[in-house]
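Using the sequences and the hints given, assemble the complete structure.
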Amino acid sequence: MANTAVLDVSNLECVRGDRRLFAGISFSVKPGELLHVQGPNGSGKTSLLRMICGLVLPVQGDIFWGGESIRGLREDYFKEMTYLGHLSGIKEDLTALENLDILSRLAGGDATEDAVVAALGQMGLAGREDLPAKVLSQGQKRRVALARLVLCRTRLWILDEPFTALDVAAIAVVQALLSQHLHNGGMIILTTHQDLGVLSEVSPAGAVQRLQLNS
Amino acid sequence: MSSLVATLRCVVMRDLTLAMRRRADVLATLFFFVIVVSLFPLGVGPEMATLRIIGPGVVWVAALLASMLALERMFAADYGDGTLEQMLITPQPLAVLVLGKALAHWLVSGLPLVLMAPLLGIQYGLPAQGLWILMLSLLLGTPVLSLVGAIGAALTLGVRGGGVLVSLLVLPLTIPVLIFGAGAVDASLSGLGAQAHLSLLGAFLLGALILAPWATSAALRISME
Amino acid sequence: MSSTKINWFKYSSPQAFYPLAGKMIPWFVVATVLFTVPGLYFSFFVAPPDYQQGEAYRIMFIHVPAAWMSMFIYMVMAAYAGMGLVFNSRLSSMMASALAPTGAMFTFLALWTGALWGKPMWGAWWVWDARLTSELILLFLYIGFISLQAAIDEPRRAARASAILALVGVVNIPIIYFSVKWWNTLHQGASITVNKAPTMAASMFTAMLLMTFAFWMYTIVVALLRVRCEILERERHTDWVMSNEFAGRSPETRNELG
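Chains as they are written, first to last, in my numbering: chain A, 11 to 225; chain B, 15 to 239; chain C, 3 to 260.
Rather than coming from a laboratory, the hints here were simulated on the basis of the structure.
These numbers were taken from a predicted model, which means no experiment stands behind them.
The beta carbon of each residue, even a glycine, is placed where N, CA and C say it ideally should be.
Any given hint might turn out to be false.
[Said to hold, decoys possible] Label-pair distances were calculated between CB atoms; the ranges are: (1) A/G77 to C/F89: 20 to 30 Å; (2) C/L22 to A/A175: 23 to 33 Å; (3) C/C231 to A/G149: 48 to 58 Å; (4) A/D103 to C/E156: 48 to 58 Å; (5) A/S38 to C/V32: 50 to 60 Å; (6) C/P103 to A/H203: 42 to 52 Å; (7) A/V69 to B/L133: 51 to 61 Å; (8) B/G205 to A/T122: 52 to 62 Å; (9) C/V32 to B/I49: 53 to 63 Å.
[Claimed, not checked] Computed, partial: chain B to chain A, Cβ under 8 Å: (10) C24; (11) D95; (12) T97; (13) T104; (14) P107; (15) A109; (16) M238.
[Claimed, not checked] Not close to chain B: a few residues of chain C, all C-beta gaps over 12 Å, as computed: (17) I27; (18) D155; (19) M219; (20) R228.
Below, the structure is given as structure tokens:
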């Protein structure tokens with residue numbers, strides 16, 4: 011079972027309005043691998059990630075999880091996948107604790123309140139659990155969103171610019187999380203504008219694939 | 015099954031918590047309803063005989079407009095901050111999440127109208143029996159407005175002029191509810207009995223409960239692409 | 003027989019359908035004329051005057067076919083939209099949006115002629131008759147469909163979103179019709195029901211049928227014309243549109259158009 015859980019992407023094409031962003035994209039990600047999607051602004055990085063999540067239907071091509079199309083798998087695929095978009099998915103009117111608790115419960119998790127508090131602590135938000143998200147800074151909100159990675163037990167992580175707005179300490183925590191995930195046989199697809207040193211920390215073994223999108 | 019119920023509960027509680035932290039929005043809908051209903055006698059004249067005839071219709075039309083007003087909020091905020099995106103990729107069926115959101119929407123914007131309606135009915139000189147039927151018809155009808163409205167709200171997500179557009183799309187679809195909702199009160203006052211009307215409203219509610227979450231889910235997936 | 007087999011699926015691609023539609027249009031124009039001329043002749047000269055309504059009833063030959071077409075087109079439009087949604091076929095969605103304005107036009111025509119007919123018959127331009135009211139609501143549904151499509155910039159989303167709306171409308175139309183009918187009978191005193199002549203002379207029936215076919219052919223002509231524009235607009239970034247349509251134009255105009 012473990013071996014079949016591989017992400018295969020074949021011949022993807024994306025059209026936005028009148029523009030064809032990319033076409034003929036194929037790759038596969040195996041357990042323990044990280045895929046770094048690169049490209050200038052507007053080259054379709056976010057569209058590609060959203061497509062792999064099943065949020066956008068490809069014009070051409072298909073995405074397979076363990077050999078089956080994700081269009082057929084739907085909820086069974088979502089069970090195995092965590093997506094962190096460039097919008098954090100944090101409600102301003104809810105506290106950090108409520109935000110993380112609801113996000114993880116909707117994602118099918120059954121984390122206890124202690125686990126949620128611990129996850130926030132790990133992201134350096136100890137003592138700020140009960141503050142409404144609107145008083146948190148941009149970076150702190152991002153940390154709340156990233157704390158989901160501590161709680162979730164999904165195999166595929168799809169992260170759109172996970173390091174944005176984070177300070178050095180938080181980047182180190184996220185690096186450790188990603189590295190741990192790969193070590194446990196997880197898969198990661200991400201975009202980042204940080205220099206490549208960030209990723210060499212994550213996966214020293216060098217299991218980093220690169221995918222270059224051109225505008 | 016239990017996980018579906020847990021999901022439903024989670025969504026409803028979340029939306030109710032959010033609504034409680036933005037009480038002003040909830041009250042605005044309610045006051046809109048009260049003001050619209052109170053304007054009619056000023057426009058039509060204070061004769062009780064006339065008011066008694068138009069009363070049920072006026073209350074129902076005002077309820078329709080008030081629920082349109084609240085529709086915009088159903089998905090727009092979640093769309094803006096990315097939480098809707100997360101809802102689309104949860105392991106639970108999207109229709110359940112949508113049902114939860116519609117239910118919360120009704121609790122916040124529909125139920126207060128139901129509770130307020132008898133007070134407004136008194137302004138129109140409706141007898142006690144008519145007030146009861148008015149409340150009952152709103153109780154059965156306003157959830158349909160939330161459910162059908164959800165489809166419109168999902169279709170117009172992020173579209174320019176979405177607020178007006180959603181009314182344009184949804185109002186024609188709610189005409190049967192208006193007809194039988196207001197008709198129930200008329201029928202009961204004229205001695206025909208409101209049984210048939212209320213049963214039909216119940217049937218509409220059942221149909222909407224089955225079909226609307228499904229259509230809304232499809233609409234959300236299209237709008238979020 | 004096998005030698006004449008045509009692969010019809012070939013024409014479900016916009017690129018293949020565009021020239022085919024172009025070839026079909028003249029034929030349907032001819033058909034429209036062939037039905038309209040005798041249709042109008044029968045309506046105005048052959049059909050006998052009504053024993054109750056005199057000559058004024060002749061507007062029925064426009065009114066009734068228009069009302070039929072308005073409902074029929076909505077069904078066809080929703081079917082196309084549904085096909086576009088399920089099979090993800092672009093041409094079906096384009097047909098749906100090409101039909102919508104014509105459907106709305108016939109609905110409006112039915113209402114307009116209904117009012118013209120109503121004035122001499124009932125002494126009022128508008129009565130809240132069940133059929134007129136349903137027709138009015140149908141017009142609202144058409145307007146909703148067209149406005150939703152106009153409000154969304156992304157063509158694919160516009161097509162798919164309005165398809166959902168059309169399908170929801172189809173589920174609702176019987177409910178709306180039945181509700182309005184019941185509402186009308188409940189408030190019997192306040193309105194008059196439209197009663198058509200119970201027995202219709204054969205020539206009247208012929209006229210009505212001819213006019214219906216004329217409207218039908220007209221709908222096809224207009225839908226094909228519109229779908230050709232739609233194809234060009236939605237496919238303007240593709241190579242075949244560029245090479246077919248703008249061949250021989252200077253690169254500058256190409257850029258402006260593309």
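Hints, one by one, checked against the model:
1. A/G77 to C/F89: 20 to 30 Å: holds (24 Å)
2. C/L22 to A/A175: 23 to 33 Å: Hint violated: Cβ distance 55 Å, outside 23 to 33 Å.
3. C/C231 to A/G149: 48 to 58 Å: With a Cβ separation near 50 Å, C/C231 and A/G149 satisfy 48 to 58 Å, so the hint holds.
4. A/D103 to C/E156: 48 to 58 Å: Distance hint for A/D103, C/E156 is violated at roughly 30 Å.
5. A/S38 to C/V32: 50 to 60 Å: At 57 Å between Cβs, range holds.
6. C/P103 to A/H203: 42 to 52 Å: About 47 Å separates the Cβ atoms of C/P103 and A/H203, which means 42 to 52 Å holds.
7. A/V69 to B/L133: 51 to 61 Å: holds (55 Å)
8. B/G205 to A/T122: 52 to 62 Å: Given a distance of about 60 Å, which is inside 52 to 62 Å, the answer is holds.
9. C/V32 to B/I49: 53 to 63 Å: holds (60 Å)
10. C24: holds (5 Å)
11. D95: holds (6 Å)
12. T97: Interface hint status for B/T97: holds (5 Å vs cutoff 8 Å).
13. T104: With a minimum Cβ separation of about 5 Å from chain A (threshold 8 Å), the hint on B/T104 holds.
14. P107: This interface hint holds because 6 Å falls under the 8 Å limit.
15. A109: Because about 11 Å separates B/A109 from the closest Cβ in chain A, which is outside the 8 Å limit, the hint is violated.
16. M238: At 6 Å from the nearest chain A Cβ, B/M238 passes the 8 Å test, so the hint holds.
17. I27: Holds, since 32 Å exceeds 12 Å.
18. D155: violated (9 Å)
19. M219: holds (30 Å)
20. R228: holds (22 Å)
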